[in-house]
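Undergrad: Here is what each chain is made of, one letter per residue.
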Amino acid sequence: GAVVSQHPSWVICKSGTSVKIECRSLDFQATTMFWYRQFPKQSLMLMATSNEGSKATYEQGVEKDKFLINHASLTLSTLTVTSAHPEDSSFYICSARRQTRINTEAFFGQGTRLTVV
Amino acid sequence: TQLLEQSPQFLSIQEGENLTVYCNSSSVFSSLQWYRQEPGEGPVLLVTVVTGGEVKKLKRLTFQFGDARKDSSLHITAAQPGDTGLYLCAGARSQYGQNFVFGPGTRLSVLP
Chain A
215 GAVVSQHPSW
225 VICKSGTSVK
235 IECRSLDFQA
245 TTMFWYRQFP
255 KQSLMLMATS
265 NEGSKATYEQ
275 GVEKDKFLIN
285 HASLTLSTLT
295 VTSAHPEDSS
305 FYICSARRQT
315 RINTEAFFGQ
325 GTRLTVV
Chain B
731 TQLLEQSPQF
741 LSIQEGENLT
751 VYCNSSSVFS
761 SLQWYRQEPG
771 EGPVLLVTVV
781 TGGEVKKLKR
791 LTFQFGDARK
801 DSSLHITAAQ
811 PGDTGLYLCA
821 GARSQYGQNF
831 VFGPGTRLSV
841 LP
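Heads up: the sequence lines are chains A and B, in that order. Here this note's numbering runs 214 ahead of the position in the first sequence, where the first position is 1. Here this note's numbering runs 730 ahead of the position in the second sequence, where the first position is 1.
Derived by calculation from the structure, the hints in this document are not laboratory data. Check the hints yourself; a few may be wrong.
On the chain B side, residues computed to face chain A include the following (Cβ under 10 Å) [stated by the list, open to error]:
| # | residue |
| --- | --- |
| 1 | Q736 |
| 2 | P738 |
| 3 | Y752 |
| 4 | V774 |
| 5 | A820 |
| 6 | F832 |
A few chain A residues facing chain B, derived, Cβ under 8 Å [said to hold, decoys possible]:
| # | residue |
| --- | --- |
| 7 | R251 |
| 8 | K255 |
| 9 | P300 |
| 10 | S303 |
| 11 | I307 |
| 12 | I316 |
| 13 | E319 |
| 14 | A320 |
| 15 | Q324 |
| 16 | V330 |
Even for Gly, the Cβ is constructed at its ideal location relative to N, Cα and C.
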């Protein structure tokens, strides 16, 4: 089956530094990828839609200058948390959708646990 | 407005019990997926249903897509602690992936 790989699985960084998270679709091309944030014991919250070759689309309330998204190829999207602060600590998950002739399925990365100290 | 509703939101049961989780909408979906997410991991796709009335089984899990393709259910027989997790349903409004929406999730806890 299709696989989406996310790296790193966890990262601890100092306040004020930036952290980059990678999301790769391993056996299919994804012109669109999605970045979610998940708070403890809650469902997924869509942050932004990453579009290959164009600007990302951010959900209301998500700072685009804070969460930089780059989708440079059909298999890779990156999310950079800039000038991280402790309140940015969270579980970040990416997703890519595989489209077939009859349906569309979403596949998720393993998630990245970010802790800002 | 939540396009997909899930019920119950939380469920805590004893090992061996049966349970059903519901995913409902007023919208028609071309396909619907169910995911399970365990703590500290990303959601994992369990099944995709495409045809109205379709029933799919995955060991002790039975998934059904409503005849009108607006709702779905997940039934677990003889639940085990390993079934514990967040169950998410997601629907695609068209086969081309537009308007792909997620339900809020059902958090299941199976106690030994």
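Undergrad: Quick check on the hint: I316 (chain A) CB to chain B CB, less than 8 Å?
TA: holds, 6 Å
Undergrad: Taking the closest Cβ pair, is A820 (chain B) under 10 Å from chain A?
TA: Holds - the Cβ of A820 (chain B) comes within 10 Å of chain A, reaching about 6 Å at its closest.
Undergrad: Does the nearest C-beta of chain B fall within a distance shorter than 8 Å of the C-beta of E319 (chain A)?
TA: Since chain B brings a Cβ to about 6 Å from E319 (chain A), closer than 8 Å, the hint holds.
Undergrad: Does R251 (chain A) meet its interface restraint, that is, does its C-beta lie within less than 8 Å of any C-beta in chain B?
TA: violated, 13 Å
Undergrad: Does Q736 (chain B) meet its interface restraint, that is, does its C-beta lie within less than 10 Å of any C-beta in chain A?
TA: holds, 9 Å
Undergrad: Is the interface hint for F832 (chain B) satisfied, with its Cβ closer than 10 Å to some Cβ of chain A?
TA: holds, 6 Å
Undergrad: Quick check on V774 (chain B) please, does its C-beta sit within 10 Å of some C-beta on chain A?
TA: holds, 7 Å
Undergrad: Would the hint on K255 (chain A) be counted as holding, given a Cβ-Cβ threshold of 8 Å to chain B?
TA: Hint holds; K255 (chain A) Cβ to chain B Cβ min 7 Å, cut 8 Å.
Undergrad: Under 10 Å is the threshold here; is the Cβ of Y752 (chain B) close enough to any Cβ of chain A for the hint to stand?
TA: Status violated, d = 16 Å.
Undergrad: Against chain B, with CB atoms and a cut of 8 Å, does the hint on V330 (chain A) hold up?
TA: Violated. Min distance 18 Å.
Undergrad: Would you check whether Q324 (chain A) satisfies its interface hint, that is, whether its CB is within less than 8 Å of any CB in chain B?
TA: holds, 5 Å
Undergrad: Can I307 (chain A) be said to touch chain B, with a Cβ gap under 8 Å?
TA: holds, 5 Å
Hint compliance for this structure: hints 2, 3, 7, 9, 10 and 16 are broken, all remaining hints hold.
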